[in-house]
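Chain X is fixed; fit chain U onto it per the hints.
So you can see what is in the structure, the chains are spelled out below.
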Amino acid sequence: MVFILLLKKVSIPLRQILKAFFQNEITMRLFNKFNTLVLTVFSVLSINALYAGHDEVDGYVEKDFNIGEMIMHHIKDAHEIHLWGDAHNGTSVYLPIILMDGGLKTFSSSHLYHGELKTAVDHKTHEEIHYVAGVGPADGYAIFHEKIYKLENGELQFEDSHPHNAKPMDFSITKNVFVLFLVSFIVCLLAIGTARYYKKNGAIAPKGVAKFIEPLVIFVRDDVAKANIGEHAYKKYVPYLLTIFFFILVGNLLGLVPMLSANLTGNITITLFLAVCTLLATVLSGNKNYWHHIFATPGVPVPLLIIMIPIEVVGILTKPFALMIRLFANITAGHVIILAFIGIIFINKNAAWGALSVPMALFISVLEILVAFLQAYLFAMLSALFIGAAVEEHHH
Amino acid sequence: MDLITPDLGLLFWTGLVFIALLFILTKFAWKPILNMVNTREQKITEALELAEKTKAEMQLLAAQNEELVKEARKERDAMIKDAKATADKMVDDAKNKAKEEAEKVLESARTSINAEKAAAIAELKAQMAAFSIEIAEKVVRENLSSDEKQKALADKLAGEINLN
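Here the protein sequences line up with chains X and U, keeping their order. The opening position of the first sequence corresponds to residue 1 in the working numbering, with each subsequent residue numbered one higher. The opening position of the second sequence corresponds to residue 1001 in the working numbering, with each subsequent residue numbered one higher.
Bound-form chain X, shown alone (with noise of 0.2 Å):
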């Protein structure tokens, strides 16, 4: 509590300091909102951990805060949504298992989360690790690092650490599952209400969600589609940089919401179907002079094109990897800087760090929100870049 307390303490000279600084009263209400909402996050976040210690509950056993372990447990997906509490004693809302395993077999996660503690000897480090087994439906599997395994003998088996038992087909409704659904709902809340608002009203001057929405589409088809894309064929690419455009944007914002703690657009496997349909988009709309641009590159004598496709080729590839490596890295390091802050107080173990680490986790929260409509102008833009240069004109 007192931690609490402190925190409200360093936000209001922080206000005075935003205030002169952005003089604006939109700015000033966002911050607002946006402190009530890191103000919860953090005060979940202490309760957490301050219970957090060699404490033995219920038979589990908990180990000393890890500052690693902590981050990569927030930023990956898992098969529940944890609120608040301890890990195995707190509240969190239980997402469905879904598992392709000889026929469908679905179950809540909790019967994984709350089952059979149990024991395993590493076979290498010959070390004790302790792992929990599935009970009622979920009789027979096991997670470990939010990872299911099937039992072999009733028993995970470890090596150097890792279970080495055969994993289920794994279509769980997960977190990130859950917030991807969240998003595509949210996305399609807005668009389709802007749709509506002007089927009702006809074409007239935005007002309500359409005020905020029309914008950013007017945005995306002038200067994300037709200044890269060309006049010439940029109408057909619009809806898709549209869709990817307002995916991505509320999928960083939804990062930011505490509690939720949802990493969805710093998940690899999302950035790389998006990459994936870049990449398809770019290589199905390829017109002739593209492909002559790539297997005959004008200019290059043809003894140097044994070396030129083969690096044009995987130049094809390369531009929708950075793609996906680009959003992967920048919403995850996000998510690490700030638990890496928060961190600093439970590593010292002392409340009174947090009026360091909270202006500074505050900093780059309000950071990420920038780098949230900036990650996803970018993909956008640069698909619509590399689309572009697909669908090129020859022209000399």
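Read the hints as simulated data drawn from the structure, not as lab findings. It should be emphasised that the depicted structure is a prediction, and the values quoted were computed from it without experimental measurement. Wrong hints could be hidden among the right ones.
Coverage of chain X stretches by chain U, computed from C-beta distances (three or more under 8 Å per stretch; other residues unrestricted) [said to hold, decoys possible]:
1) 174-180
2) 186-199
3) 265-276
Mimicking BS3-like on lysine-lysine, the simulated pairs with C-alpha atoms at most 27 Å apart in a straight line are [said to hold, decoys possible]:
4) X/K226 <-> U/K1043
5) U/K1149 <-> U/K1138
6) X/K207 <-> U/K1043
7) U/K1027 <-> X/K200
8) U/K1031 <-> X/K226
9) U/K1031 <-> X/K236
10) X/K199 <-> U/K1027
11) U/K1084 <-> U/K1074
12) U/K1027 <-> X/K211
13) X/K118 <-> X/K76
Glycine included, C-beta positions come from ideal geometry on N, C-alpha and C.
Structure of chain U alone, referenced to chain X:
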């Protein structure tokens, strides 16, 4: 390593959700929004063009009006000039006529005055002559009242006669 390993389940859901999202949004959101925005932009362009055209028309009208006003002013000026000339002429005519009349009156007055004068002079002359004769008679009578005086006069007159 977990962090950069794509997950098959998540990939499946992402593909499903994203492709569904792409189709739903394209059909129900982006196309209607873009169509409306285009329609509105066209409307705005048309309105601006119309405004420009109206402005040009207004300018033309204003120019025409000015021309009309200028012409009217010219006409008015000419009319005023005409009226002034006519008025001037009338005044001049009247003046001349009056002058002539006055001259005539003056002339007749002068003639009658001259006639009167002549008559008066004639009468005066006649009276003067009568007076003169009367006086002369009286003087003569006085001068010749005695013999001596007759003699003296005869001497004086004889003395004046120069016998050269």
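Status of the hints after comparison with the structure:
Counting residues of the region 174-180 of chain X whose beta carbon lies closer than 8 Å to any beta carbon of chain U gives 4, which reaches the threshold of three, so the coverage claim holds. Coverage of a stretch by a chain is defined here by at least three residues with a beta carbon nearer than 8 Å to that chain's beta carbons; for the region 186-199 of chain X and chain U the count is 8, and the condition holds. Taking a C-beta to C-beta cut-off of 8 Å, the region 265-276 of chain X contributes 7 residues in contact with chain U, enough for the three needed, and the coverage statement holds. About 21 Å separates the Cα atoms of X/K226 and U/K1043, which keeps this hinted pair within 27 Å; it holds.
Note on U/K1149 and U/K1138: the hinted pairing holds, with a Cα-Cα distance of about 15 Å set against a maximum of 27 Å. Pair hint X/K207 plus U/K1043 holds up; C-alpha atoms about 18 Å apart against a cutoff of 27 Å. With a C-alpha separation of about 17 Å, the suggested pair U/K1027 and X/K200 falls inside the 27 Å cut-off, and the hint holds. Taken as a hint, the U/K1031 and X/K226 pair is honoured in the structure, with Cα atoms around 16 Å apart against an allowance of 27 Å.
This hinted pair checks out: U/K1031 and X/K236 have alpha carbons roughly 11 Å apart, not beyond 27 Å. About 13 Å separates the Cα atoms of X/K199 and U/K1027, which keeps this hinted pair within 27 Å; it holds. Restraint check for U/K1084 and U/K1074: the C-alpha separation of about 15 Å stays at or below 27 Å, so the hint holds. For the given pair, U/K1027 sits about 21 Å from X/K211 by alpha-carbon distance, which is consistent with the 27 Å threshold.
The hinted pair formed by X/K118 and X/K76 meets the criterion: a straight-line CA distance of about 24 Å does not exceed 27 Å.
Violated hints for the displayed structure: none, as all numbered hints are satisfied.
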